[in-house]
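Q: One-letter residues, chain by chain:
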Amino acid sequence: GDSVTQMEGPVTLSEEAFLTINCTYTATGYPSLFWYVQYPGEGLQLLLKATKADDKGSNKGFEATYRKETTSFHLEKGSVQVSDSAVYFCALTLLDDKIIFGKGTRLHILP
Amino acid sequence: NAGVTQTPKFQVLKTGQSMTLQCAQDMNHEYMSWYRQDPGMGLRLIHYSVGAGITDQGEVPNGYNVSRSTTEDFPLRLLSAAPSQTSVYFCASSYTLAGARGELFFGEGSRLTVL
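Sequences listed follow chains A and B, in order.
Numbering follows our numbering, with no gaps: position 52 of the first sequence is 945.
Numbering follows our numbering, with no gaps: position 92 of the second sequence is 135.
Please note that a few of the clues may not be correct.
List time: in silico SDA-like cross-link candidates among lysine to any residue, alpha-carbon distance up to 20 Å [as the list claims (entries may be wrong)]: (1) K991(A) <-> T129(B); (2) K996(A) <-> R87(B); (3) K52(B) <-> Y107(B); (4) K996(A) <-> V131(B); (5) K949(A) <-> E146(B); (6) K52(B) <-> G934(A); (7) K970(A) <-> R960(A); (8) K57(B) <-> G101(B); (9) K953(A) <-> E146(B); (10) K991(A) <-> P104(B); (11) K949(A) <-> L912(A); (12) K52(B) <-> P933(A); (13) K991(A) <-> E146(B); (14) K991(A) <-> T114(B); (15) K996(A) <-> E151(B); (16) K991(A) <-> T98(B); (17) K953(A) <-> Q938(A); (18) K945(A) <-> R120(B); (19) K970(A) <-> L941(A); (20) K991(A) <-> Q80(B); (21) K996(A) <-> T129(B); (22) K57(B) <-> Y138(B); (23) K945(A) <-> K961(A); (24) K949(A) <-> T917(A); (25) K991(A) <-> K52(B); (26) K991(A) <-> A95(B); (27) K996(A) <-> G83(B); (28) K991(A) <-> S61(B); (29) K991(A) <-> S127(B); (30) K991(A) <-> F148(B); (31) K945(A) <-> Y923(A); (32) K953(A) <-> F148(B); (33) K991(A) <-> Y138(B); (34) K961(A) <-> G950(A); (35) K991(A) <-> K57(B); (36) K961(A) <-> L988(A); (37) K953(A) <-> Y932(A); (38) K996(A) <-> N71(B); (39) K996(A) <-> G101(B); (40) K52(B) <-> Q938(A).
What the hints contain is simulated information worked out from the structure, not anything from laboratory work.
Could you put together the complete structure from these sequences and hints?
A: So this is what it looks like as structure tokens:
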């Protein structure tokens, strides 16, 4: 069935380090791909998205490229900040009423 | 810009009590949904609705009821609370899930404890 797999956390980095959070998916058809972020005590909010192969989503210094050949949508940031500490969820949608989330990756950034 | 509003933010119940978590959105979204979030379990879909008068079950619907009498409101009812329903509940809405406009808007969450 359709699924999203993302690397388990927690991931702990020092400030200004390079970040990669891996996300791979299995889907029939052509999904749209998303990264959501959840800051402590808040609901999820959209970070970035890509709707077709080779699209790159970007926001707040984060980037992810829709790779159809490797069925991946890895999240990257060149220099993380303490304020990036949060839980990150990869997700896909296939139809108008179906969205599948990964289990989330907790990120800790040390000053 | 209210977005998605959930009430209450915190609630403590005794086993067997019933209650309703309220969710309202002011963005004229057709799609609304309820999730629960437990440590290490990610998000699990409870119920969802693709429009007024239409509801469907998600991954973990047992013990919960929903209704969608208006586009704006999507209340979640716990019929007889159990300790296993201790969780953080999120309501989310969307114009459409798929394609270029696909985005879920989440409320701030309701933390429920069942003793």
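Q: Hint by hint, say whether it matches the structure.
A: Hint by hint, here is what the structure shows:
1. K991(A) <-> T129(B): violated (25 Å)
2. K996(A) <-> R87(B): With Cα atoms ~9 Å apart, K996(A) and R87(B) stay inside 20 Å; holds.
3. K52(B) <-> Y107(B): The hint holds at about 18 Å.
4. K996(A) <-> V131(B): holds (15 Å)
5. K949(A) <-> E146(B): Judged against 20 Å, a Cα distance of about 16 Å means the pair holds.
6. K52(B) <-> G934(A): Distance ~11 Å between K52(B) and G934(A) Cα, so the pair holds.
7. K970(A) <-> R960(A): holds (17 Å)
8. K57(B) <-> G101(B): violated (25 Å)
9. K953(A) <-> E146(B): Judged against 20 Å, a Cα distance of about 17 Å means the pair holds.
10. K991(A) <-> P104(B): holds (16 Å)
11. K949(A) <-> L912(A): Holds, because 16 Å separates the two Cα atoms, which is no more than 20 Å.
12. K52(B) <-> P933(A): Between K52(B) and P933(A) the Cα gap is close to 14 Å, so the pair holds against 20 Å.
13. K991(A) <-> E146(B): holds (12 Å)
14. K991(A) <-> T114(B): holds (19 Å)
15. K996(A) <-> E151(B): Given pair K996(A), E151(B) holds - Cα atoms ~19 Å apart, limit 20 Å.
16. K991(A) <-> T98(B): Distance of about 13 Å is within 20 Å: holds.
17. K953(A) <-> Q938(A): Answer holds: K953(A) to Q938(A) is near 13 Å, not above 20 Å.
18. K945(A) <-> R120(B): Outside the cut-off at roughly 38 Å; violated.
19. K970(A) <-> L941(A): Holds, at roughly 12 Å.
20. K991(A) <-> Q80(B): The given pair, whose Cα atoms are some 18 Å apart, holds under the 20 Å limit.
21. K996(A) <-> T129(B): Cα-Cα ~19 Å, so holds.
22. K57(B) <-> Y138(B): violated (36 Å)
23. K945(A) <-> K961(A): The given pair, whose Cα atoms are some 8 Å apart, holds under the 20 Å limit.
24. K949(A) <-> T917(A): holds (15 Å)
25. K991(A) <-> K52(B): The hint is violated at about 27 Å.
26. K991(A) <-> A95(B): Holds, at about 17 Å.
27. K996(A) <-> G83(B): holds (7 Å)
28. K991(A) <-> S61(B): violated (29 Å)
29. K991(A) <-> S127(B): Violated. K991(A) to S127(B) sits at ~26 Å, over the 20 Å cutoff.
30. K991(A) <-> F148(B): Holds, because 15 Å separates the two Cα atoms, which is no more than 20 Å.
31. K945(A) <-> Y923(A): holds (7 Å)
32. K953(A) <-> F148(B): holds (18 Å)
33. K991(A) <-> Y138(B): holds (13 Å)
34. K961(A) <-> G950(A): Since the Cα atoms of K961(A) and G950(A) sit roughly 14 Å apart, the hinted pair holds (cutoff 20 Å).
35. K991(A) <-> K57(B): violated (34 Å)
36. K961(A) <-> L988(A): holds (18 Å)
37. K953(A) <-> Y932(A): holds (14 Å)
38. K996(A) <-> N71(B): Violated - the C-alpha atoms of N71(B) and K996(A) are around 29 Å apart, more than 20 Å.
39. K996(A) <-> G101(B): holds (16 Å)
40. K52(B) <-> Q938(A): holds (18 Å)
Going through the hint list in order, the structure does not satisfy hints 1, 8, 18, 22, 25, 28, 29, 35 and 38.
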